[in-house]
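Just so you know, the sequences run in chain order P and C. Per the numbering used here, the first sequence runs over residues 1 to 383. Per the numbering used here, the second sequence runs over residues 1 to 126.
Just so you know, not all the hints are guaranteed correct.
Chain C residues, not near chain P, derived (Cβ > 12 angstroms throughout) [unchecked claim]:
(1) Asp4
(2) Ser14
(3) Thr20
(4) Asp21
(5) Asp22
(6) Glu49
(7) Ala79
(8) Asp94
(9) Asp108
(10) Ala111
(11) Asp114
(12) Leu116
(13) Asp119
(14) Glu123
(15) Gln124
(16) Glu126
Across the chosen pairs, the derived CB separations fall in these ranges [to be verified]:
(17) C:Ala65 to P:Arg173: 27 to 37 angstroms
(18) P:Asp216 to C:Ala110: 48 to 58 angstroms
(19) C:Gly97 to P:Ala74: 58 to 68 angstroms
(20) P:Asp197 to C:Asp119: 44 to 54 angstroms
(21) P:Thr138 to C:Asp94: 51 to 61 angstroms
(22) P:Asp216 to C:Gly97: 32 to 42 angstroms
(23) C:Asp34 to P:Ala162: 31 to 41 angstroms
Quick caveat, the hints were computed from the structure, so don't treat them as lab data. We treat Cβ as the ideally placed atom computed from N, Cα and C, and that holds for glycine.
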Amino acid sequence: MSLRTPPLHQVHRDAGAEFTDFGGWEMPVSYAGISTEHAAVRESVGIFDVSHMGEVEVRGPDATAVMDHLTTNAVADLEPGDAQYSCILNDDGVIIDDTVIYRYPDEDAYLFVPNAGHGTQMTDRWSTHAASLDADVTVENRTEDLGLVAIQGPDAIETVDAHAQDSIADVGRFSTIRTTIGDVECLVARTGYTGEDGVEVFFDADRSRELWGTFDDVQPCGLGARDTLRLEAGLLLSGQDFDPETEPRTPLEAKLGFVVDESKDDFVGKDALARQAETGPEELLVGIHLNGRGVPRNGYELYRDDEHLGHVTSGTMSPTLSEPIALGYVDADHASTGTEIAVEVRGRRIPATIVGQRFLDSLGGNGGDEASDGNDATDGTDD
Amino acid sequence: MSFDVPSDRRYLESHEWTTTDDPIRIGISAFAQDELGDVVFVELPDVGESIAAGETFGVVESIKAVSDLYAPISGEVTAVNEDLFNAPELVNEDPYGEGWMIEIDPDDDAAFEDLLSADEYREQIE
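Please model the complete structure; the sequences and the hints are all you need to start from.
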């Protein structure tokens, strides 16, 4: 199978990007270096080509019912222009993918964004379920013909406002508007995957160069910085922090219960989640801070004394904090904040502590408290 | 892009360099640090440990990759660049200078002949 390339591939190549294979796409991993790009987003603004993300459009009289059936959050509660983070489960309650659902501001239809490589799978899943429900909807995979760019950082709104016909500053978090940027018609959503304010912009893929060129004074950022940014913010990565094959997890284990609306009549995976909720999950996602030298990586084992507790799913040296941080799953009996554990790095056990997974708050003194710990709905799409 | 390859030292195909006059220092090349990207962690042997030519003596990690370090020659470690523990970015900033990793007392002074010359190494990375 050959890798797909985004419309901006040559633009990235000309900018000196290094590339990586991600979800079947050859995407930029970095331009100026991960640390530089990461700092740009934390301190000012950066721009990401995330055209590898899937886009699926759902229309028709039964669109809301089908969306509610196949995702965990309350789609019926969305007002026109609203966006919502959600999970897509199988019958066992295991997360197949996470997604952001956008209700278009000006039409009775939805756009949802599965992760890279999941566009076709989700289009098929929606079509199949719609047929079995005898639902009146049309499902269209728009992955190839929609471009998606994220502009993120404390200066992102100002940066976009300088080129947009309508003020983005007036658009609330997790809301969208249609406007034009330069001459390109866009759907602008105040969502992101970095822990910073910012937008994600959908547009006709044929206009990619024009849209990207509008922001040619903004630091381009690759998937490398996207990963360190989301990890510092405690946001999960589909295919790594959960995956139906390699890391099967329910939203309860992944601490994504806040996107599950148990009051809905029915949704795929509901019964399995209800059963797990009765006993409580056996393992839970936690944030981990290494107290010794080392860099935690996916697959590293976690211990408490001699007891095997779980494993790391994502880890890095935090560029903002200069501290080794990780997400991982541990035995639910030892998952509370402050628990002293160890991460095995190349055969050696490095002391570590379980901390709030929003590391910028829990380690960075950003004023976060444990009561607000865990993912929340301030961030949207992910890789 | 063309990378600096000082001609006063010898190289391994795996991108480590060694000086050939005292003190015998070992590090990684400008090409290698660029390939790795931002170096965030370096694991090195202790003073007094022996390292063997062609065997791993440590690990260098960037944000995106973990790489073993291979010893160009055999010997006993006489010094370790502890500055790298708090400032691993020195490997990126000055790979042939302040980014050095260890000093050794070589077992066999003739062993340098087995390594790549600067010209041979340059050919490999170009």
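Comparing the hints with the structure gives:
{"no.": "1", "hint": "Asp4", "result": "18 angstroms, holds"}
{"no.": "2", "hint": "Ser14", "result": "18 angstroms, holds"}
{"no.": "3", "hint": "Thr20", "result": "31 angstroms, holds"}
{"no.": "4", "hint": "Asp21", "result": "32 angstroms, holds"}
{"no.": "5", "hint": "Asp22", "result": "29 angstroms, holds"}
{"no.": "6", "hint": "Glu49", "result": "15 angstroms, holds"}
{"no.": "7", "hint": "Ala79", "result": "19 angstroms, holds"}
{"no.": "8", "hint": "Asp94", "result": "16 angstroms, holds"}
{"no.": "9", "hint": "Asp108", "result": "29 angstroms, holds"}
{"no.": "10", "hint": "Ala111", "result": "27 angstroms, holds"}
{"no.": "11", "hint": "Asp114", "result": "28 angstroms, holds"}
{"no.": "12", "hint": "Leu116", "result": "25 angstroms, holds"}
{"no.": "13", "hint": "Asp119", "result": "27 angstroms, holds"}
{"no.": "14", "hint": "Glu123", "result": "23 angstroms, holds"}
{"no.": "15", "hint": "Gln124", "result": "20 angstroms, holds"}
{"no.": "16", "hint": "Glu126", "result": "18 angstroms, holds"}
{"no.": "17", "hint": "C:Ala65 to P:Arg173: 27 to 37 angstroms", "result": "35 angstroms, holds"}
{"no.": "18", "hint": "P:Asp216 to C:Ala110: 48 to 58 angstroms", "result": "56 angstroms, holds"}
{"no.": "19", "hint": "C:Gly97 to P:Ala74: 58 to 68 angstroms", "result": "60 angstroms, holds"}
{"no.": "20", "hint": "P:Asp197 to C:Asp119: 44 to 54 angstroms", "result": "52 angstroms, holds"}
{"no.": "21", "hint": "P:Thr138 to C:Asp94: 51 to 61 angstroms", "result": "60 angstroms, holds"}
{"no.": "22", "hint": "P:Asp216 to C:Gly97: 32 to 42 angstroms", "result": "35 angstroms, holds"}
{"no.": "23", "hint": "C:Asp34 to P:Ala162: 31 to 41 angstroms", "result": "34 angstroms, holds"}
Of the numbered hints listed earlier, not one is contradicted by the structure.
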